[in-house]
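Student: On the provided structure of chain V, position chain U as indicated by the hints.
Going down the list, the protein sequences come from chains V and U. So that you can map any letter, position 42 of the first sequence is 42 in the numbering used here, and since no number is skipped, the others follow by simple counting. So that you can map any letter, position 134 of the second sequence is 1134 in the numbering used here, and since no number is skipped, the others follow by simple counting.
Incorrect hints may appear among the rest.
What the hints assert, rightly or not - With a Cα cut of at most 20 Å, we get these calculated DMTMM-like pairs of lysine to aspartate or glutamate:
{"no.": "1", "chain 1": "V", "residue 1": "Lys214", "chain 2": "V", "residue 2": "Glu232"}
{"no.": "2", "chain 1": "V", "residue 1": "Lys19", "chain 2": "U", "residue 2": "Asp1132"}
{"no.": "3", "chain 1": "U", "residue 1": "Lys1133", "chain 2": "V", "residue 2": "Asp21"}
The hints are simulated quantities; they were obtained by calculation from the structure and are not laboratory data.
One letter stands for each residue in the lines below.
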Amino acid sequence: MNKIANKQVICEVLLEEAKNDKDIVVLCSDSRGSASLTDFANTHPRQFVEVGIAEQNLVSISAGLASCGKKAFAASPACFLSTRSAEQVKVDVAYSNTNVKLIGISGGISYGALGLTHHSTNDIAAMASIPNMRVYIPSDRFQTEKLMRALLKDEKPAYIRVGRNPVEDVYREDEIEFEMDKATVLQQGNHITLIACGELVIEAKKAATKLKKKGINARVIDMYCIKPMDKEVVVRAARETKGIITIEEHTRFGGMGSMVSQIVANQCPTTRVINLALPDTPVITGKSKEVFKYYGLDSEGIVKTASELMENVQ
Amino acid sequence: MVNLKVKAYELRKDIVTLIYNAGCGHIGGDLSVIDILVVLYYKHLNCSPENIDHPDRDRFVLSKGHAAEALYCVLADRGFFSKSDLDNYSGYISEYIGHPNNKVNGIEVNTGSLGHGLSVAVGMALAGKMDDKDYRVYTVLGDGELAEGSVWEGVMAASHYKLDNLTAIVDRNKLQISGWTKDVMSQDRLEDRWAAFGWHVITIPGNDVDAIDKAIEEAKTIKGKPTVIIANTTKGCGVSFIENQAGWHHKVPNDEEYARAMEELEAELELRRVSLGE
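For reference, chain V alone in the conformation it holds in the complex (with noise of 0.2 Å):
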């Protein structure tokens, strides 16, 4: 199993990037531990910003970093980032055009025990909700390294979501293929279409093994790019499966389901599309996998779920 943590592998890109990068500035808001940004605070102190438990002023103070050329990467727990300066990020980060890269941490449950007020499972609809604001949210710590120097490449706003812990690899270092604003797929088949975002699409890859176990080729595609979204890559796989399932960390109000249910309505709307997501209630208290579970989130639930779908469209 894997060590590492996604967002561990930001910081690690920004240490390095940086070095040779002057405009690169990373704020946090108290949240340089839990970030895992520590490194980079101690490594860069003058290309670092605390700006102390306020997030809305992170994002304003990442804002006019940027709008003097800086590249702000304004990092801090996902739940608050998110909601809290929802406004700061629709007027001075999108509404403005700035370059700044709101890192969200620890994103939809990863808490756990926490609670509610630490879970961000509306971020999505939240942040891909705002014009000119876009979403992502990587599946493991390769394509996270992928995502981060195609950002770092570009000048326009984003919100990127990871996990709080290290998850399963999804990919191989050395045969990850990554477009950006492409999503990827895992695997072809064409009974089914199994479309994941985070830490769920190796819940996703591991039930389209099992289903092959049971004669159903299932195809799982890796919908890291949430805003924009592949439409291309969904309403492919309308016409060429016969159901989609989606499954994300998120409540089933305005997140990747519902985007891809809207591509699919539009463009093939006798498809199927069932959404796998969180419940419109506070989550019960669990660690990641156990949430995911009881939820049928995992590879036995997505199974479950694509089983049921195959019976009834055949």
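Tutor: Showing chain U alone in chain V's frame:
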């Protein structure tokens, strides 16, 4: 050299005319802040249409974004865009809208939602410090705006980072949309509040261009801390029947009111020109 006292009244006429023609605008706040903008844009800010993207330019953020008409009139007069660009102000597909929009030349960032500008200005000032640049950053806030908690996050950070390249100016006109600020949410002992956060505080009569000029000069000499200028202004300053009336926060003058306002402004402008021997 532009005479600031005259310019402030020429621009008051532009503002009132813009609002009258467009049928919208925040006339009270525009008229209270205009003297501050005139002193900044005609005397202190080293930004001009020629150096609009220059990394060393001074930065200005109108945190009380609803005074957009005042800012647009100043920018048009300074040549950042043509005055005729404002003919369709707030009209169909216009980029010149009711709050500053950075698609317009000379506007650094979008404002309008209160309580953002100071923190954005803190970021700009920090960038200046990081790059050892000499530019200065100015922001103007309303006194009603100070009720936004995020303002005090910015106040705290500016002091923590000893941003002596940052000057905040509070357009203290003591009125807001619902009435007197002291009744809506009082800002009493305002100087003490800022001083307690570690800022250098200067209080001035805020519609007096000489006093504004002197305060901005003083701010440039203060080292190791940011400066706030509490500018005690009159909302609607320059037009007798608009002055100190909450009802004129964003009221539009009718034909008769417009004629009276222009008459009053022209009379004061004449006095100012005469006293200068122009």
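Student: Work down the list of hints and note, for each, if the structure agrees.
Tutor: Verification of the supplied hints:
At roughly 28 Å between alpha-carbon atoms, lysine 214 of chain V and glutamate 232 of chain V are farther apart than 20 Å, so this suggested pair is violated. Using a Cα cut-off of 20 Å, the hinted pair lysine 19 of chain V and aspartate 1132 of chain U holds, with the two alpha carbons roughly 18 Å apart. At roughly 18 Å between alpha-carbon atoms, lysine 1133 of chain U and aspartate 21 of chain V fall within 20 Å of each other, so this suggested pair holds.
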